[in-house]
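Novice: Next come the chains, spelled out residue by residue.
Number of protein chains: 2
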Amino acid sequence: MKKQKSAYWQKWNKTYKDELLKNILPFWIKNGWDRKNGGVYTCLNRDGSLMDSTKSVWFQGRFGWMMAYAYNHIKKDIKFLDISKSCCEFLENHCFDKDGRAFFEVTADGVGLRKRRYVFSECFAAIAYAEYSLASGDKVWGKKAVELFKRIRSFVADGQKWMPSKYTKAMVAQGHSLTMILINVANVLKQISNDPVLDQQITESIELLVKYFIHPEFKALLETVGPNGEFIDTLSGRVINPGHCIETSWFLMDVAVARNDSALLETALKILDWSWVWGWDKKYGGIISFKDCRNLPPQCYEQDMKFWWPQCETIIAMAYAYKLTGDKKYMEKHKLISDWTWKHMKDKKFPEWYGYLHRDGTVAQPAKGNLFKGPFHIPRMLVKTWELTKDL
Amino acid sequence: MKKQKSAYWQKWNKTYKDELLKNILPFWIKNGWDRKNGGVYTCLNRDGSLMDSTKSVWFQGRFGWMMAYAYNHIKKDIKFLDISKSCCEFLENHCFDKDGRAFFEVTADGVGLRKRRYVFSECFAAIAYAEYSLASGDKVWGKKAVELFKRIRSFVADGQKWMPSKYTKAMVAQGHSLTMILINVANVLKQISNDPVLDQQITESIELLVKYFIHPEFKALLETVGPNGEFIDTLSGRVINPGHCIETSWFLMDVAVARNDSALLETALKILDWSWVWGWDKKYGGIISFKDCRNLPPQCYEQDMKFWWPQCETIIAMAYAYKLTGDKKYMEKHKLISDWTWKHMKDKKFPEWYGYLHRDGTVAQPAKGNLFKGPFHIPRMLVKTWELTKDL
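Chains as they are written, first to last, in the working numbering: chain A, -6 to 385; chain B, -6 to 385.
The shape of chain A in the complex, shown without the other chains (with noise of 0.2 Å):
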């Protein structure tokens, strides 16, 4: 017998494709696409009109992976691959510098402004390209990303030279941006290579997530810690970024899935309900930006600010945790965040959404994009969550 579809879930399922394909996708390909340059725009006004032509490298990246994405999974537009392969195109012509690094921005017509020491551009690059290899069949950008994902990995390696650290041998730490991101990174390049690499990325990614950044005492996974994991007990040792925490979780469900793993996702799911507790904001509704372990008064400017990236996370979270249990927990805490994010994010004149609220929920300045945010996580929430829903 055929299960009996969710009125709640396909309301939701309807909403995520008219959304993106009706409002978000237009909005940064009529605005942010550049058709004389090639690439995007990301720093837009509320109404889309550009404010900056500087070129986040980043967002090349994402914006290609993107419609790549949309691409393979939601509607075969060729314009869509056309938009993917002008970001690829752009960051392999103008987004490197000669050392093989990326820069972080550039100018409109592709000249390096700056470099960073993270690798971040590079991670969005190849899964740009990977992206873009499955949906366009071009085996070329396939090989491009094995083979930047494998120099990211040599620039993790050898980090003292190319990313050296900011503090003296006196503070030595680790951070979770990078081990989570590469799980990511290395999942979108397994759909178009079989390199062992991938694999071993993700397993040692796990491993450390589990020994070092989960830390049971304070039901938290930790932003940074020491080299061995430890906890270091100062403004920044102790601070949770529960947008972060619950976007990793729902990385891990891409891998316990795929590898029909159990026990990875219970930590998941752990990780999960640990960082809702920490980030759910009963006051005010919506996921916050930091909170410290010792619940002392977090020092970030924007730490009880409420932005866009945190909420998507968690909607996709909720969704593939209720569809991988069936736990009605994760549909009511769904509910939540979803009605929070709809109400408060939505731009009720233009098509892309808020992305810096005030803890009330008000909006505290309305642009749309600048070198952090772009077409990316509201997106991908928007592709990823569709599809989890389809059949619930």
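No wet-lab data here; the hints were simulated from the structure.
For clarity, every value in this text was computed on a predicted model and none was experimentally measured.
Heads up, some of the hints might be wrong.
[Said to hold, decoys possible] Derived DSS-like pairs: lysine-lysine, alpha-carbon spacing no greater than 27 Å straight-line:
no., chain 1, residue 1, chain 2, residue 2
1, B, Lys154, A, Lys154
2, B, Lys342, A, Lys276
3, A, Lys162, B, Lys29
4, A, Lys159, B, Lys342
Given chain A, work out where chain B should sit, using these hints.
Specialist: Chain B in isolation, oriented as in the chain A frame:
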């Protein structure tokens, strides 16, 4: 005939002294001063309890200066001298690296943790040494101050080596902070040295400000401009930091008085008037953190927050402008900013003020210090404005 004193100003004059000597300084002396290792802790929670023993090098200099300044100007308390000396010695013994550059943060017992690409740590050390030398009569510290000042100038002159830009050659820019802070540092050092380099620095800095950073087309002093003062039409190039500009305005008043330079006073008042228009929040009161000179949405997360220090700078500047001009509009603005600040920044329960408020004046997080907030802007405002209003 002796001019009658104003009840308005005398009420404030008494308030400044009481607040300084009964609340602010005792809070930091009790909770911040490190009697064991010397120097000062600043990462204090609302009630003064220690949240993090990492020491800010900026604040070793700032508190060292502050205690000597309070000694020199408002109360000849020998304990103030002891504390100032303790900070100067901690700086000298622990806060400089082998290359002559100062650290940005060190451990409780003075192991260097991190250096930054700026010379602010060095600048605050120099004013501590100079003010302590003046207070104690110990000329050795005065000599150290001038030597350090010259070293700072050599670091700045060879910026490529000592403070390499984060950007490539495609984005050359200069910032307002360094230019303005050197005016203040030189001014403090002039009390203990007649080395001509000090006046030379002041003259150079003022020329840069007037020629490059003041942009009449926006009625603004910009934070970042091109090498020849060019307007950079990007998110970061358009930033106005009203509190910073207002601080600069009273640094210039100091010089205008010392040099009896009425044209410079006009410039200072112009910057103050412009920056008040940009900074004063007509809806909620208080000086806002950032504006965009084309009135686009500023992208720093704290853009619409109210921090403690811009309010302090504005209180000083308005009292100063009134004292120098007798223009009632400055008294009116002094009243606006003072009433707002005392109402929102003061903690009713514990002596030191809050530092981080939302735009509407509610407390964003209640800690009293971190690596950026400590015993400097508030007590400096209290002593300086107490002095300015003595005869009003």
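Novice: Give a verdict on every hint.
Specialist: Status of the hints after comparison with the structure:
no., hint, result
1, Lys154/B / Lys154/A, "holds (18 Å)"
2, Lys342/B / Lys276/A, "holds (24 Å)"
3, Lys162/A / Lys29/B, "holds (24 Å)"
4, Lys159/A / Lys342/B, "violated (38 Å)"
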